Each structure stands twice: as structure tokens, then as C-alpha cells.
Amino acid sequence: MIAWVFLTAAIVSEVAATLCLRMAVTGGRGWYVAVGLGYVIAFSCLSLTLASGMDLAVAYGIWAAGGVALTAVLSHLLFREPLTWVMGLGIVLVATGVLIVELG
Amino acid sequence: MAGTAEAPRRLRGWGLLVVAIIAEVSGSLSLKGALTHPVLYAVVVAGFLIAFTCLAGVLRAGISLGVAYSVWAAFGVALTAVLSVIIYAEPFSWLMGAGIIVIIAGVLCIELGAHAANRSVEGLDTAEGPA
Numbered sequence: 234m235i236a237w238v239f240l241t242a243a244i245v246s247e248v249a250a251t252l253c254l255r256m257a258v259t260g261g262r263g264w265y266v267a268v269g270l271g272y273v274i275a276f277s278c279l280s281l282t283l284a285s286g287m288d289l290a291v292a293y294g295i296w297a298a299g300g301v302a303l304t305a306v307l308s309h310l311l312f313r314e315p316l317t318w319v320m321g322l323g324i325v326l327v328a329t330g331v332l333i334v335e336l337g
Numbered sequence: 003m004a005g006t007a008e009a010p011r012r013l014r015g016w017g018l019l020v021v022a023i024i025a026e027v028s029g030s031l032s033l034k035g036a037l038t039h040p041v042l043y044a045v046v047v048a049g050f051l052i053a054f055t056c057l058a059g060v061l062r063a064g065i066s067l068g069v070a071y072s073v074w075a076a077f078g079v080a081l082t083a084v085l086s087v088i089i090y091a092e093p094f095s096w097l098m099g100a101g102i103i104v105i106i107a108g109v110l111c112i113e114l115g116a117h118a119a120n121r122s123v124e125g126l127d128t129a130e131g132p133a
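As you go down the protein sequences, you meet chains D and B in turn.
Count the first sequence with our numbering and you get residues 234 to 337, in order.
Count the second sequence with our numbering and you get residues 3 to 133, in order.
Because the hints were derived from the structure by calculation, they are not lab data.
Watch out, some of these pointers could steer you wrong.
Label-pair ranges, simulated between beta-carbon atoms [stated by the list, open to error]:
| no. | chain 1 | residue 1 | chain 2 | residue 2 | range |
| --- | --- | --- | --- | --- | --- |
| 1 | B | GLY99 | D | LEU270 | 14 to 24 Å |
| 2 | B | VAL47 | D | VAL266 | 14 to 24 Å |
| 3 | B | ILE106 | D | ALA290 | 36 to 46 Å |
According to the in silico footprint, chain B covers these stretches of chain D (three or more CB under 8 Å from chain B) [as the list claims (entries may be wrong)]:
| no. | segment |
| --- | --- |
| 4 | 238 to 244 |
| 5 | 273 to 280 |
| 6 | 295 to 303 |
| 7 | 321 to 331 |
Just so we're clear, the structure is a prediction, and the values are computed from it rather than from any experiment.
Glycine residues also receive a C-beta, built at the ideal position from the N, C-alpha and C atoms.
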């Protein structure tokens, strides 16, 4: 159970760091500090997830798939990036494929 | 308004995305090798640093985060899986092959969708649809 809490924290901090990377491009360089911090927290939480007994393939698959989907939706909402139904389908396919590769 | 400078800028962005993917895959593969050859940790750190620097450049070139990140993750996972089978002789499962095909289909949809979305935005800018 605690493994899922760590995994959720890993996904949230990784997505936050990636969104900060986008902010660093148009905003100030200070955002790079948030990027570094976010990824350190993300990898620490991922390690804690594995230490709590979850398989690497399962943890990594859910982490990557969740990261891709959340990043696409949030960058559409925050940065008004175009997101069509075809692109949405593509993101769902990528997330599904990542899960299959890691779990298969 | 986007004009002629837009195309080479985007091309540069896609080139940087290819470098980011290669750097990230090298880093991930070295992470496994580093368990037996600790000197490879240098490649891991360098690989991830180059990957994130290039990814920032990709975004600066005007490619959207949603597209760049999903293509990056898709190729990262698929290439790492295929290369670990080749380099570390990990077992290959048909399910893995099926997953890679699904990933490639997904990347194609994202690419085609993003291309169509860009064209319709440019079409609005010039008040005429694409030819």
C-alpha cells in the first residue's frame, strides 16, 4: 500500500519537474532549480517504491505511462498547447504500449 | 506570421529530440551495466544531463511539451527494451513486441495529429486553409 503512495508522489513530482522545464524555457532560469529538485524527489520516491517491494517493471511502467498522459493533459491546460482527438488517442496508445512492454 | 524561419527552427528541434532520446537510452542502458562496471555511472550522469539539456532546447525550438515528452518517452522505452534484449541478452517476449507496435502507432497518431493541428493554426493565421 505504502508503495503506491510513493509511486504517486514519484509521478506527481516528475510531472511537476517536466512542467517547470517548460516554464524555464519562457520564464526565468530560476525554474531550472525547481526542475532539478523535482527530478531528485521523483527518483528518490521511485527508489522508495522499489524498496517497499514493488517490481521495477510494474513501477517503471506505471510511472512512465502516467507521466506521459498527465504531462500532455496539463500542458494543454496550462500552456494552451493544441491537443486534438488524434493526438489524445496517440498519447493513450503510447501509455498503453509502455505498460505492455514493461509488464510483458 | 510564423513564416519561413519556423521550418528550420522546428527541424532543429526534432534533431535535438533525437539527440535527447539517444542520450537518455545510453544513460538507461549504462545504469544496468554500471551494476558490474561502476565506471559506467559517468555515462549515466552525462547521458541524463545531455538528455534534459536537449529537451529544453527542443521546447525552445517551439515543439509543444505534450508532443516532445510523449515521443521522447515512447522511443526511450521501446529502444531500451529492444537494446537490452540485444546487449544484455534479456528474454524477448511477444507481448513486448506487441507493446512496441502499440507505442509506434501512438507516436504516429501524435505526429499526424500535431501536424494537422499546426496546419490548421497556420491556416487561421493566413485566413486560408492549407492547400
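Do the hints match the structure? See the list:
no., hint, verdict
1, B:GLY99 / D:LEU270: 14 to 24 Å, "violated, 38 Å"
2, B:VAL47 / D:VAL266: 14 to 24 Å, "holds, 18 Å"
3, B:ILE106 / D:ALA290: 36 to 46 Å, "violated, 20 Å"
4, 238 to 244, "violated (count 0)"
5, 273 to 280, "violated (count 0)"
6, 295 to 303, "holds (count 3)"
7, 321 to 331, "holds (count 11)"
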